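Peer 1: All chains should be modelled from the sequences, with the hints used to inform the complete structure.
Chain residues, written in single-letter form:
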Amino acid sequence: GQNIDQPTEMTATEGAIVQINCTYQTSGFNGLFWYQQHAGEAPTFLSYNVLDGLEEKGRFSSFLSRSKGYSYLLLKELQMKDSASYLCAVGSYNQGGKLIFGQGTELSVKP
Amino acid sequence: EAQVTQNPRYLITVTGKKLTVTCSQNMNHEYMSWYRQDPGLGLRQIYYSMNVEVTDKGDVPEGYKVSRKEKRNFPLILESPSPNQTSLYFCASSWGGDTGELFFGEGSRLTVL
Numbered sequence: 001g002q003n004i005d006q007p008t009e010m011t012a013t014e015g016a017i018v019q020i021n022c023t024y025q026t027s028g029f030n031g032l033f034w035y036q037q038h039a040g041e042a043p044t045f046l047s048y049n050v051l052d053g054l055e056e057k058g059r060f061s062s063f064l065s066r067s068k069g070y071s072y073l074l075l076k077e078l079q080m081k082d083s084a085s086y087l088c089a090v091g092s093y094n095q096g097g098k099l100i101f102g103q104g105t106e107l108s109v110k111p
Numbered sequence: 001e002a003q004v005t006q007n008p009r010y011l012i013t014v015t016g017k018k019l020t021v022t023c024s025q026n027m028n029h030e031y032m033s034w035y036r037q038d039p040g041l042g043l044r045q046i047y048y049s050m051n052v053e054v055t056d057k058g059d060v061p062e063g064y065k066v067s068r069k070e071k072r073n074f075p076l077i078l079e080s081p082s083p084n085q086t087s088l089y090f091c092a093s094s095w096g097g098d099t100g101e102l103f104f105g106e107g108s109r110l111t112v113l
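Going line by line, the protein sequences match chains A and B.
Heads up: the first sequence is residues 1 to 111, going by the working numbering.
Heads up: the second sequence is residues 1 to 113, going by the working numbering.
None of these hints come from the bench; they were simulated from the model.
Here the structure is a predicted model, which means the values were calculated and not measured.
Beta carbons are placed, not taken as given, at the ideal position from N, Cα and C, and that holds for glycine.
If you anchor each label on the Cβ, the simulated ranges turn out as follows:
1. Thr5(B) - Glu106(A): 24 to 32 Å
2. Glu55(A) - Glu106(B): 24 to 32 Å
3. Arg66(A) - Thr13(B): 41 to 49 Å
4. Thr20(B) - Ala16(A): 44 to 52 Å
5. Gly96(B) - Gln19(A): 21 to 29 Å
6. Ala2(B) - Ala39(A): 17 to 25 Å
7. Gly58(A) - Thr15(B): 46 to 54 Å
8. Phe45(A) - Leu88(B): 12 to 20 Å
Peer 2: Rendered as structure tokens:
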């Protein structure tokens with residue numbers, strides 16, 4: 001089966017950098033997604049990694065190590081609006097069509 | 001505007017009264033999926049569909065049915081709702097199954113008394 005772990009909560013200061021980790025166990029790895037979800041809203045896509053390495057998109061970057069079953073989302077120059085839940089999700093060839101989500105990391109950005 | 005539309009957005013119902021939550025997307029996506037989101041449990045997949053007339057169970061399919069007669073629509077049916085189906089439901093679609101960016105509907109908050 002698949003298993004995804006990420007911290008439940010994190011707190012950071014406005015303007016700082018925060019790294020949200022995600023570890024996963026799956027057979028037939030087929031890519032890893034990060035989504036952002038503000039309270040009371042739908043998740044929105046942030047990034048997709050299928051190969052090892054760092055993908056940078058503005059203030060947000062996502063890293064993947066397939067051999068370690070590990071990813072992180074890096075948020076730079078934190079803003080108050082970045083307070084949200086960050087969801088890690090993994091796809092698997094062996095589970096064709098199924099995308100499994102972690103429980104999410106609730107990030108609070110303080111002034 | 002590209003979007004996924006769910007209805008109703010909010011519903012309070014009683015145990016055993018059949019209900020349907022509709023989902024429609026205008027992006028010509030082949031893949032559609034239903035999730036429920038509960039505190040402490042995250043998003044859990046109920047059913048998904050890779051294309052018209054092709055549906056499959058996710059992790060928590062018990063008590064739910066789906067159909068995919070047209071590409072744009074993927075309704076979620078609760079034949080006999082129970083209180084443990086009180087949850088926030090999201091419909092989503094993508095071009096590429098588990099490899100494509102998911103576009104989510106705004107969510108349907110369902111309460112079963």
